[in-house]
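The lines below spell out each chain.
Number of protein chains: 2
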Amino acid sequence: MAKELKNFTKRSDNYSQWYNELVVKADLAEQSAVRGCMVIKPYGYAIWEKMQRQLDDMFKATGHQNAYFPLLIPKSFLSREADHVEGFAKECAVVTHYRLKNDPEGNGVVVDPAARLEEELIIRPTSETIIWNTYKNWIHSYRDLPILVNQWANVFRWEMRTRMFLRTAEFLWQEGHTAHATREEAEEEARRMLEVYASFAQDYMAVPVIKGVKSANERFAGALDTYTIEAMMQDGKALQSGTSHFLGQNFAKAFDVTFMNKDNKPEYVWASSWGVSTRLMGALIMTHSDDNGLVLPPKLAPIQVVIVPIYKDNAQLQAISEKVNPLVDELRKRGISVKYDDADNRRPGFKFADYEVKGVPVRLAIGARDLENGTVEIMRRDTLEKETVAFDGIVDETARLLDDIQSNLFKKALDFRESKTCEVDSYDDFKKKIEEGGFILAHWDGTPETEEKIKEETKATIRCIPMDGDTTPGKCMVTGKPSQRRVIFARSY
Amino acid sequence: MAKELKNFTKRSDNYSQWYNELVVKADLAEQSAVRGCMVIKPYGYAIWEKMQRQLDDMFKATGHQNAYFPLLIPKSFLSREADHVEGFAKECAVVTHYRLKNDPEGNGVVVDPAARLEEELIIRPTSETIIWNTYKNWIHSYRDLPILVNQWANVFRWEMRTRMFLRTAEFLWQEGHTAHATREEAEEEARRMLEVYASFAQDYMAVPVIKGVKSANERFAGALDTYTIEAMMQDGKALQSGTSHFLGQNFAKAFDVTFMNKDNKPEYVWASSWGVSTRLMGALIMTHSDDNGLVLPPKLAPIQVVIVPIYKDNAQLQAISEKVNPLVDELRKRGISVKYDDADNRRPGFKFADYEVKGVPVRLAIGARDLENGTVEIMRRDTLEKETVAFDGIVDETARLLDDIQSNLFKKALDFRESKTCEVDSYDDFKKKIEEGGFILAHWDGTPETEEKIKEETKATIRCIPMDGDTTPGKCMVTGKPSQRRVIFARSY
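Those protein sequences? They're chains G and S, same order as listed. Oh and the first sequence: position 31 is 809 in my numbering, straight run, nothing missing. Oh and the second sequence: position 368 is 1146 in my numbering, straight run, nothing missing.
FYI, nobody ran anything at the bench for these hints, they're computed from the structure. You may find that some hints are simply not true.
Chain copies aren't distinguished; within one or between two, either way the pair holds.
Derived DSS-like pairs: lysine-lysine, alpha-carbon spacing no greater than 27 Å straight-line [to be verified]: (1) LYS1101 / LYS1117; (2) LYS803 / LYS838; (3) LYS1077 / LYS1117; (4) LYS1237 / LYS1209; (5) LYS828 / LYS1040; (6) LYS1259 / LYS1117; (7) LYS1077 / LYS1111; (8) LYS1077 / LYS879; (9) LYS1253 / LYS1031; (10) LYS1117 / LYS1233; (11) LYS1090 / LYS1209; (12) LYS1040 / LYS1129; (13) LYS1233 / LYS788; (14) LYS1040 / LYS1090; (15) LYS828 / LYS1077; (16) LYS1077 / LYS838.
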């Protein structure tokens, strides 16, 4: 069983299969009976809860409040904003009836044709439309602005090809929807929230990200600008991990939301929206994990430290427990989440393998000999290094190790990204280089046509026009036309 | 504006209208564009978040973990359990298509007839079916049991008559779904969670509840026993505030979920489920609030203390702020959530009215004369009593007052319930008494027929067979047949 747990496909053999197996073996999620929808299992959900709690604190610290808007949206709302409907109508779950009835032929229940809705409702793929229809009643004067609201919710997009966490028909997310009196304020808000996402990704998930702006082709349907954080997975592909949109006055115009400004003149309201989803779980898993299973950054690990006793009989277990119980209390007092696994229906070898697969950052093991010697074995999951250290001082050592793992994971991921990022100046080189994976910094003439051509010929897209980094102008690698700066190309999830 | 805020329908004039107005004026929720669905506004949602957090802690303290299951359920799943489908099929939102397309006639978007689902999906009205279909893969041996899982989710029931928080088509809730090796364990779990709900209602919401068992007529569709907590609203009607179900092996049989018991024999798994919803918001509002607006128990108030400065000019405001800022810090250190409202675009009178309508438990007001005298005016929302007290010691006084309000609200609600509860022995008396509202303890012969007759003739139902209280046998007030004990009748929401 311990062997079976760790019997993974290797990343180098089949990265995609490795990921799918890991999600299941680490007990994070599984496919459900409904196509494209997953079940998030307790261990996976516990990680998501830690993410939620931290993000929620960060949203509140930047002045946002939570609210809740309806799951269902009248079909006609979608059509109000021209780009928005193009982007979302094709993948909607449509509610057409409100009742089932017994099948007259005796086969369970059937849709009651008499219970057809006058106007169909769609399950929200995102909530701009229903929210702006609501804001219309909330906003009258500049005094009512800004509105800084966030919603934690489930959304639904009928995706053809789905992968757990990365792309599922239903997913969990938060969506911020803000309303402002000026263009500048709305843009500032969109950029502020991108910074929040970047801090969260780097400081909590230990995932380095590149902040940037999307090209027109990759923009959110209905936005004037889409800001993004892009992370690199271990196969060199990019994962868009969070986006923040400056929506201009598009939704205000679509839903006729105006306010009286300070000069007492009516004006359309300015908007932003921003969201991250359970897709972050995919980013977390794929950035750090290895051929032995999940690797979790301590700040998001549901269990940061597991303690496994090694014993032959009850007397030994009792002696170990007497030593361990005060340690558990000490660790908890330091705010460290710890599990003492003294269950006697699983052997230590199985426990070791299980917690390794589940990515618990630090494992302490203590046996009869350790009791005699005043020692304990400590293992860190990121490097799998273990050593035997003095029991005294183990609390400090554990705390130190957790910090070290957190920063080591970030550094490792950053080093990896840097090693897989290069500059390319000719389209021929680009075509070769893109096969190796990774980020390519190249010049582009700024047109959708050139981007489309590159995508068709190489499957690479512009991940973003970076906010930071080298801004030297140059010439487009494809057309030779002027380019304002290098942008980031990659294949992506 | 301050007047308009407080210009409520009185409870005694029209209780139902008072409630509807209060929900809107206290900024808790509003109707949405989708029939029967509400928007929960930030202030209302903040109360719900406090409830969630507390309940979640209590669930975790009793060994439960959170998980997440799909929003959509295959239609055929509903039919698997005979009672369940009867209970829920009639009010389902049915998804039949997965795509919209541009209307060939140019009127926005229409359902794409080519995108019809092979099997319709329903939006979960409750998740027993999809969860037990999942548990089938999780449970093999007695070692896999118990499973103690909870889900925070939105659910949908197509209700004909809706009222904000009390009965809405979409609502937010938690649903616990547990799996056990023995009947006793599952029953114990159902009762344990009822105790958790009762503690939460009484200790946090300050809402006294009666714990009991539902009669067969009022049982959850698919349960062998439904436990309930019943609260009395100020109009004397009962509000079912939380239920916990012993499901026997019904869902295990419907989804073929068996486990190998300790004797290595296959056995069907035993189940419980339990839930509370945003309906609790309705219970909270209707139990404590008065003709001036919302009254909140301090433990669930997003703002426990508001401090309003009374000033003529900036110099006065500054002097007051210098005195108040350290007080704010002190209160926060004591874990008290406090808002210092020094906004200068609203006058004190408006602020007073607004916080009164919003039910903030304690209001401190401080003006120039208070500064001179070393005093502060303190008002408690529950009784509207105010007095001027010494500024020194105000932190202790505020903390004491918050405790006092919490217990006073509970006591007041309990006294009210007791004053509106009586024993009745003849059906004639019952018919008169039920018109006055309140709970009636009466003998009943235990048959669904008699209960049905009483319901038809008086609109009263059996709220529960209480777990506590007088268990003296008697004779049914309608049929004269033997009755094991008095049960509670009331009209209900």
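Hints versus structure:
1. LYS1101 / LYS1117: within (15 Å within a copy, 47 Å between copies)
2. LYS803 / LYS838: Between. Shortest inter-copy distance 24 Å satisfies the 27 Å Cα cut-off; intra-copy 35 Å does not.
3. LYS1077 / LYS1117: Classified as within; 16 Å inside a copy, 31 Å across copies.
4. LYS1237 / LYS1209: within (10 Å within a copy, 77 Å between copies)
5. LYS828 / LYS1040: So LYS828 and LYS1040 fail the 27 Å test inside a copy (42 Å) and across (37 Å) alike.
6. LYS1259 / LYS1117: neither (60 Å within a copy, 58 Å between copies)
7. LYS1077 / LYS1111: Answer is both: 16 Å inside a copy and 25 Å across each meet the 27 Å cutoff.
8. LYS1077 / LYS879: neither (50 Å within a copy, 45 Å between copies)
9. LYS1253 / LYS1031: neither (38 Å within a copy, 69 Å between copies)
10. LYS1117 / LYS1233: Intra 48 Å, inter 53 Å, cutoff 27 Å: neither.
11. LYS1090 / LYS1209: neither (61 Å within a copy, 72 Å between copies)
12. LYS1040 / LYS1129: Between copies, since 23 Å is at most 27 Å while 66 Å is not.
13. LYS1233 / LYS788: neither (29 Å within a copy, 66 Å between copies)
14. LYS1040 / LYS1090: between (79 Å within a copy, 24 Å between copies)
15. LYS828 / LYS1077: both (8 Å within a copy, 24 Å between copies)
16. LYS1077 / LYS838: Classified as both; 19 Å inside a copy, 20 Å across copies.
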